[in-house]
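Those sequence lines, one after another, are chains A and B. Take 14 as the starting number for the first sequence in this note's numbering and just add one per residue. Take 134 as the starting number for the second sequence in this note's numbering and just add one per residue.
Note that these hints are calculated values from the structure, not bench results. Predicted, not measured: the structure shown is a model, and the values here were computed from it. Cβ atoms here follow ideal geometry from the backbone N, Cα and C, with glycine treated the same way. Heads up, some of the hints might be wrong.
[Unchecked claim] Covered, in the sense of this in silico footprint (three residues per stretch, anywhere, with C-beta under 8 Å from a C-beta of chain A), are these stretches of chain B:
1. 200 to 214
2. 241 to 248
3. 251 to 261
[As the list claims (entries may be wrong)] DMTMM-like, lysine to aspartate or glutamate: derived pairs with alpha carbons at most 25 Å apart:
4. Lys372(B) - Glu459(B)
5. Lys292(B) - Glu278(B)
6. Lys282(B) - Glu114(A)
7. Lys292(B) - Glu166(A)
8. Lys381(B) - Glu231(B)
9. Lys142(B) - Glu114(A)
10. Lys30(A) - Asp227(B)
11. Lys292(B) - Asp107(A)
12. Lys30(A) - Asp249(B)
13. Lys292(B) - Glu46(A)
14. Lys30(A) - Glu315(B)
15. Lys142(B) - Glu231(B)
16. Lys292(B) - Asp39(A)
17. Lys381(B) - Glu459(B)
18. Lys383(B) - Glu315(B)
19. Lys30(A) - Glu231(B)
20. Lys449(B) - Asp428(B)
21. Lys282(B) - Asp294(B)
22. Lys381(B) - Asp184(B)
23. Lys142(B) - Glu315(B)
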Amino acid sequence: MSAIPEKVHAAPPGAGKVFYALLLRDLVVNRRELPYFLLRTTLQPLLFTIVFGFLLPRMSFVGRAYSSALMPGILAMSLALSSMQSVTLPMVIDFATNALEDRLLAPASIRVVALEKIAMGILQGLAAALFVLPVARLVMGPIDGLTLSHGIEIAAVALLGAATFSALGLLLGTAISPQQIGLIFSAIIGPMMFFGCVYYPWTGLDAVPVMKYAVLVNPMVYVAEGLRGSLTPALPHMSLAAVLGALVLLTAFFCALGLRSFERRSIA
Amino acid sequence: MGLVTAAVKTTQLRKIYPAPSSKRSPAGKPPAASGGAGAKRPGVVALDGLDLEIAEGELFGLLGPNGAGKTTTIGILTTRVRPTSGNAVVAGADVTREAVLVRRRIGVVPQRPNPDRNLNARENLVFHAAYFGIPLRTANARARELLEKLGIVDKGESKVDQLSGGQQQRLMLARALIHQPEILFLDEPTVGLDPHGRLAVWELLREQHQQGRTIVMSTHNMEEADRLGDRLGIVDHGKLLAVDSPDKLKARAPGGTLIQLSLDGEASAVVPLAGALPGVSRAEANNATLLAYSDRGGELIPALIRAAEQSGRTVKDIHLSPPSLETLFISMTGRKLD
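Turn these sequences into a full structure, and let the hints guide you.
Pasting the structure below:
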């Protein structure tokens, strides 16, 4: 259809190469901000660890067994919330200032830009969890039933959990205006944390059956229960198959919505 | 069409933005559409059937007032705005169906600098080059060369927030050129620049033009359009009103000097008397402004003032423009450029 002769280009980059360059940019930027990143994403879980995993057991308000239920929950919270925030917060600002434009002009589908953001969110979620795990263990002392022997299950839950929340972060990042950014913390993160089986196992909700089924809409439940099932398999937890199934579905769901919303925001 | 290949070709390009919600609407937008086929609520018509053809190697200027549709046109041509209907082909690729191919071949300078604030000036260039698959060493060398040409080489390692607005705008130009695009798009590139920065940009654009690069820029600066453009397109209300070389356009300007009288009331009352004055080739009213084209330059001012007073109007201000793109523009659109 065009008579324009192909100009000489230094081998036009494919989508993979563009993706890699975008990822490299985010890695460079995030490495510089690593201390702030860790402070932002892990301080809160660590404070909870100190109060619920160290002080309260010392005061004998909760039994030692509580640490076993709490540890995977705290880890789930760090993993999920850092994944989400790492995608959402910069994106809200980038859309408001149009600073994403140089990446939207990259010679690849707009989706590549969005998928790279999800990938970066996953990496940041995993980094936060890897930082919190040893510190929490140090604060809480020995934890009954904790084992790292189910490596594949741990990795699968962590990866899918981070993917679910990164994709959710993409959706929120495209849907929220800078003026509403406080809402993320009060209206979304708050309920997600408190009704996400972070501080108690899902099976404990047998005591309040309505809650037991109502909390199933909360994606955090599956991350927390999945980590319970893989880190403390001897203790009561939701079935791992159900957890993995739910996380796959949720990731697909949030990805579909997030990508669509991202494209709408990117192209007027 | 013709022997010269088109770098840009649009056919009946229309863009209707959804009606702004209760939030404030962008200033100076053209009136709302009266609900096209299937439209439930009226939107804002930014482009209303724009046909444009720009040849390879041309330096083309889109001239028009704010809200004329210049930014939307550039937005569509650079794949950042989806046309409502019609089509546009850039560097041989369709902007909607082959957006990736288009992006591969263009460089874009936005209206307001939008650098990546997490990177320093040099990194802004090097990473942008990386998105286009350019190896680091080449990118660094080109970045240095561009920063030097634009007089900001000493700012290479500075955070972009430490650059002035004009320096940031020049950084945007460097960013648009680092991957050596076939076509360079600039949306009002010199708006925030001081005279010195403006000259540096013009210089660089001329140089790029001489090297054969196609350049499409929008502007509402007459001088810029006049001095730089091979051809100019005059746009208003989303339509192309005229397209030609600056000299030919100026030759089309209605005869003589344009005298504009600002009155204390509707100017139409003065038109019959003013139009009958010897030496006035044409007189028209635009609300409270009387536009009179004079064959005798400013000599007719006293007679025009008398005509206004005889028609019961008081003259509050007088503006004189020699025949120029500006007088042509005013005669075509009824309003000034800025």
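Tested hints:
Figure legend: the region 200 to 214 of chain B, annotated as covered by chain A; annotation consistent (5 residues with Cβ-Cβ distances under 8 Å, at least 3 required). Counting residues of the region 241 to 248 of chain B whose beta-carbon sits less than 8 Å from any beta-carbon of chain A gives 5, enough to reach three: the coverage restraint holds. Requiring three or more residues with a Cβ within less than 8 Å of a Cβ of chain A, the coverage given for the region 251 to 261 of chain B holds, as 6 such residues are present. For the hint pairing Lys372(B) with Glu459(B), the CA-to-CA distance comes to about 18 Å; that is within 25 Å, so the pair holds.
Distance check on the hinted pair: Lys292(B) and Glu278(B) sit about 19 Å apart at the alpha-carbon level, within 25 Å; holds. Between the alpha carbons of Lys282(B) and Glu114(A) the distance comes to roughly 24 Å, so the proposed pair stays at or under 25 Å and holds. For the hint linking Lys292(B) to Glu166(A), the alpha-carbon distance of about 43 Å lies beyond 25 Å, and the restraint is violated. Between Lys381(B) and Glu231(B) the CA atoms are separated by roughly 36 Å; this puts the pair beyond 25 Å, and the hint is violated.
Among the hinted pairs, Lys142(B) with Glu114(A) is consistent with the structure: their alpha-carbon atoms are about 24 Å apart, no more than 25 Å. Of the supplied pair hints, the one linking Lys30(A) and Asp227(B) holds, its CA atoms being roughly 23 Å apart against a limit of 25 Å. For the proposed pair Lys292(B) and Asp107(A), the alpha carbon gap of about 17 Å is at most 25 Å, so the pair holds. At most 25 Å may separate the alpha-carbon atoms for a hinted pair to count; Lys30(A) and Asp249(B) meet this at roughly 20 Å.
Note on Lys292(B) and Glu46(A): the hinted pairing holds, with a Cα-Cα distance of about 15 Å set against a maximum of 25 Å. Taking the CA atoms of Lys30(A) and Glu315(B), the gap is near 21 Å; set against the 25 Å cutoff, the hint holds. For the given pair, Lys142(B) sits about 14 Å from Glu231(B) by alpha-carbon distance, which is consistent with the 25 Å threshold. For the hint linking Lys292(B) to Asp39(A), the alpha-carbon distance of about 16 Å falls within 25 Å, and the restraint holds.
With a CA separation close to 13 Å, the supplied pair Lys381(B) and Glu459(B) stays within the 25 Å bound. Pair hint Lys383(B) plus Glu315(B) does not hold up; C-alpha atoms about 30 Å apart against a cutoff of 25 Å. A distance of roughly 18 Å separates the Cα atoms of Lys30(A) and Glu231(B); the hinted pair therefore holds under the 25 Å criterion. Restraint check for Lys449(B) and Asp428(B): satisfied, since their Cα atoms lie roughly 23 Å apart, inside the 25 Å limit.
For the given pair, Lys282(B) sits about 21 Å from Asp294(B) by alpha-carbon distance, which is consistent with the 25 Å threshold. Under the criterion of a C-alpha separation no larger than 25 Å, the hint pairing Lys381(B) with Asp184(B) is consistent with the structure, at around 20 Å. The hinted pair formed by Lys142(B) and Glu315(B) meets the criterion: a straight-line CA distance of about 15 Å does not exceed 25 Å.
In terms of the numbered hints stated before, the structure departs from hints 7, 8 and 18, listed from lowest to highest.
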